[in-house]
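K.L.:
Protein sequences, first through last, are from chains X and Y.
The first sequence begins at 1 in the numbering used here and counts up by one.
The second sequence begins at 1 in the numbering used here and counts up by one.
Source of the hints: derived by calculation from the structure; they are not laboratory data.
Keep in mind that this is a model prediction, so the values were computed, not measured.
Heads up, the beta-carbon is just placed ideally off N, CA and C, and yes, glycines get one too.
Do not take every clue at face value.
[As the list claims (entries may be wrong)] What follows is a set of in silico ranges between Cβ atoms, one per label pair, in the way DEER data are often shown: (1) Tyr297/Y / Phe27/X: 55 to 63 Å; (2) Ala200/X / Arg92/Y: 40 to 48 Å; (3) Lys320/Y / Val181/X: 51 to 59 Å; (4) Asn54/X / Gly293/Y: 57 to 65 Å; (5) Ser273/Y / Val181/X: 58 to 66 Å.
[Unchecked claim] Residues from chain X that keep clear of chain Y, each with C-beta distances beyond 12 Å, as calculated: (6) Lys5; (7) Ile47; (8) Gly68; (9) Trp88; (10) Asp90; (11) Val141; (12) Ala162; (13) His165; (14) Asp186; (15) Leu191; (16) Glu251.
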Amino acid sequence: MKTQKELERMAAEIRTETLKCLRTRGFGHVGGCLSVVETLAVLYGDIMKYDPENPKWEGRDLFVMCKGHAGPALFAILALEGFFPMEWLDTLSIPGTKLPSHCDRNLTPGVDASTGSLGQGLSVAAGMAHGLKIQNQSNRVYAMLGDGECGEGQVWEAAQYAHHHKLGNMIAFVDWNKKQVDGTLDEVMSLLDARAKFEAFGWYAVQVSGSDVMAIRNAILEAQKNQGDKPAVIVLDGIKGSGVPEFEQMEFNHHFAFDKDMIDKVIKNLENKLAAMKEE
Amino acid sequence: MFQLNYTGQLENKPITQVFKDTLEDMIQTDPKVVHLDADLMLLLGVLDVHKKFPDRVINCGIQEANMIGVAAGMSAVGLKPYTHSFAAFTSRRVFDQLFLSIAYAKKSAHIIASDPGIKQAFNGGTHMVFEDLALMRTIPDAYVFDITDSAMYSFLIRATKDLKGLYYFRTPTSNVTSVYAEGSEFTIGKGNIVREGRDATIIACGLLVSVALEAAKLLESEGISVRVVDMFTIKPLDEALVIDCVKKTGAIVTAENHSVYGGLGSAVSEVLSEQYPAPLIRVGVKDEFGEVGPESYLRERFGFTPQNLAANVIKAIALKSKQ
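Please take these sequences and the hints and turn them into a complete structure.
P.N.:
In structure tokens form, the structure reads like this:
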């Protein structure tokens, strides 16, 4: 297990590389990429089994980025872990790229599911978990849902299915960053208490701070200890655009074009912070 | 090769029994095969198989969209999923899931789409899908079959079991007219000439194949010789056979239990207009919704009768002189 500092440094690296990746195009899904980086750091740092040399290794744990627009954050951790060269991060969404705006399992080594049409990922994750269970395989499945995405009815079909078929080998996260494209969830389509809703669907359900790596890791370890044959959900209480005050405070931060001076400054600050963390 | 077994009679063995036997055999012989159902196992006759193999024949409840996503996930971890619902609910209702979670993601699934078009009869217009071929044809690399009878059905679901890709089986569940002998073999992408003729060709699929054979008999008594093709393989379409039909008979009538928009008639007309312009008349549903009633009424209502096909063949032959 990594130390808190190591995990925090990993998250800071993902955040920095995600923004550098997005900066190459000058725009992108910034807010929802940033709010998942701590969880990605924990999953890829301490929890999941995988082999960057052999991305399709049958013994690996599977990760489904249901909110497919957070691809760049996933690409950043995959590059940092050596699934492909860091230089690929500069090719986001250019013609012929292996890193499209939304996750594509056929293009990007380490991406396990093609996502982008919201609401479908949890079903795919449930199918993976059920398929592994049928074949008596011990791999586990992790899925990252958006909070706005939970407006899609299919999410709740999958929630019902995963409980009914006792998929205790999966953990879903809800990135409760409280905003979607047109405003806050409460303005656009209120989700209310995601944890209570999943609990009502028969899931083992907890809520933690989405920016606290130790809380996230403990929640995952506790879930795996206690979930039994229930699917588990960890609701991540977070902020859209988290870790960058300029972005956290923007009214509409789902997808936007960068002010060049501002993004350069933001990345410089993050790099300085990261350098300081590395010196500690 | 296929052998014909056409006498105009209904099959003795229910097509659902044939599916059940085929599924059970595949489950027993291949540990990777799974069947997912959206609360219509009773209709398909597989509840017994579900009881025997509860881990492999899985009820998804009334959740078609989730079922397609689950199939995608199971395919991703090496299983071979078959899924089932009514044709309407496993095509138009889940088009985005089929498109993205299965096809775009290059996962594999076998979609059993029960009772297309007028086969819904007493379920009526809400359940009557006349647009599924049009939808499915537009999904890149999808395989789309309009099933004619049990012999074809059992051959194709087995023959495609180990193949990668999205396979769509548009399938009746009752009152099927036998066209092929048991043990017949079929080739994906190759239509079947089920009757030879010189003056025109009826290219039909599914429910309309036996109707076309009856129409050809009617026309024979009037001295008109009609070739009948079973184009069960809507995609990939047998383009070479379409051209051959035009070259040898000079006019084509298509016949399908589907809208004339986007289905077999459209597919054939695309081939003709781009490669070999020739007279073509499309028999199918003309920009209408379905309605409730017995199948016999609906056959008359939408022109799926030997008489209507024969009349359209005569019209198509008349168009030859305008060429």
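K.L.:
If any of the earlier hints don't hold here, list their numbers in rising order.
P.N.:
Of the numbered hints, 2, 5, 8, 11, 12, 13 do not hold.
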